[in-house]
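**Student:** Using the hints, put the two chains back together into the complex; each one sits in its own frame.
From first to last, the protein sequence lines stand for chains A and B.
Those letters in the first sequence? Residues 129 to 245, by the working numbering.
Those letters in the second sequence? Residues 4 to 118, by the working numbering.
No lab work stands behind these hints: they were computed from the structure.
Worth double-checking, as some hints may not be accurate.
Claimed, not checked - To give an idea of the interface, some chain A residues facing chain B are shown, with a C-beta separation under 8 Å as derived from the structure:
1) MET173
2) PHE175
3) SER215
4) PHE219
5) THR230
6) PHE235
7) GLY236
8) LYS244
A virtual CB, placed ideally from N, CA and C, is assigned to each residue, including glycine.
The chain contents come next:
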Amino acid sequence: AQKITQTQPGMFVQEKEAVTLDCTYDTSDQSYGLFWYKQPSSGEMIFLIYQGSYDEQNATEGRYSLNFQKARKSANLVISASQLGDSAMYFCAMSRYGSSNTGKLIFGQGTTLQVKP
Amino acid sequence: NAGVTQTPKFRILKIGQSMTLQCTQDMNHNYMYWYRQDPGMGLKLIYYSVGAGITDKGEVPNGYNVSRSTTEDFPLRLELAAPSQTSVYFCASRAATSSAKNIQYFGAGTRLSVL
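With the rest of the complex left out, here is chain B (with noise of 0.2 Å):
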């Protein structure tokens, strides 16, 4: 029962650095997304995908960007790290499903630091 796999799990970064926070779930969800924690907040959307090939910004997309080439994956760039993207971040899945109850599945998440 893997569900949503994220990695890594923690990582340092220096400001400018680049990297990719790599996400994969085995449920066949064709909803996924990315959110930010930041300490002691609610999350907060950045991007989301309803399938594969498609992507839209969230709440707070500056700074990232995403790709969804198979169903399965959905990686989230960072370019240029500053010290304001330190945060947890969470990639989630859910169904596509006519069903209101639409529950996302979160993975473990990824604690960054931009130093």
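Next up, chain A with everything else stripped away, as it sits in the complex (with noise of 0.2 Å):
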């Protein structure tokens, strides 16, 4: 069975600095993919940053990146120079592929992130 595991409830972290996020997973299959998404107080869920299980390179967009790392199975994500508009939980996720490609999404507990001005 599949399972995302973030063992952070809760960070702080100063304005324009770099925080990281802590994912770990565990599956059996070789195929599957890595999605984070941040959920400010208003509710929505959005999505961040994804890495593909046979990606050679760590994915980025903007800000954020993930820190890719197969044989720990962990999937972290990095928030460089933080804004007070990060604030807001995140989620860690995970989709199985290969002949059963349903998309459905395991999730993790979340942590809620904190931006300090």
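**Tutor:** Shown next, in the form of structure tokens:
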């Protein structure tokens, strides 16, 4: 069975500093995708970044990068130059691919990030 | 750019009542999903659909039903509401593509309280 673990319930970071949010996963599949979503206090789910299990390069999207370490089964989100608007809950999620590619997402419990001015 | 639209945004139900949460998407996505999010927790899959007329159970289907008569709509039905169904419900959709980057797009959510 697949599982996502986010061990940091809450994090603080100073504005303009970088922060890393941890995510480890467990799967026996060879082909899978890893996602990060942001949930601000307004409640919507906003897609941030994606990493495929066969991608050789770490994914980057603007100030977001994904530190993918396949052997350690970790997919940490790095936010550079934090902004006050980054204060939100962040979810790591995984989907399996292959013949049963239904796209179902398995979510971690989330990490609440607070950016201090 | 409507994307995924959920109605209502908020609802209070009494125990034993029934209701339907509406979800519609205008992106012509084949795949649609219903998740629930309990306070302070991640999302859990209730039901999903890979196309009109095809639905399947997710991780937490008990107490819910779905139907998918069109590509656009994927309503979630709660029968005999219970306090345990107090949650925030999210509908999502994604394209059926061979690309591995199958991003799901979410609606704004429906906050449901069962009292």
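**Student:** Look at each hint and say if it fits the structure.
**Tutor:** Against the structure, the hints:
1. At a threshold of 8 Å, the smallest CB-CB gap from MET173 of chain A to chain B is about 4 Å, leaving the interface hint in force.
2. Because the closest C-beta pair between PHE175 of chain A and chain B is about 5 Å apart, less than 8 Å, the hint holds.
3. This hint is violated: SER215 of chain A has a C-beta 16 Å from the nearest C-beta of chain B, more than the 8 Å allowed.
4. Against a cut-off of 8 Å between C-beta atoms, the interface hint on PHE219 of chain A holds, since the closest Cβ of chain B lies about 6 Å away.
5. Restraint check, THR230 of chain A versus chain B: the minimum CB separation of about 6 Å is within 8 Å; hint holds.
6. At a threshold of 8 Å, the smallest CB-CB gap from PHE235 of chain A to chain B is about 3 Å, leaving the interface hint in force.
7. Among the interface hints, the one on GLY236 of chain A holds; its C-beta lies about 5 Å from the nearest C-beta in chain B, closer than the 8 Å criterion.
8. Among the interface hints, the one on LYS244 of chain A is violated; its C-beta lies about 21 Å from the nearest C-beta in chain B, farther than the 8 Å criterion.
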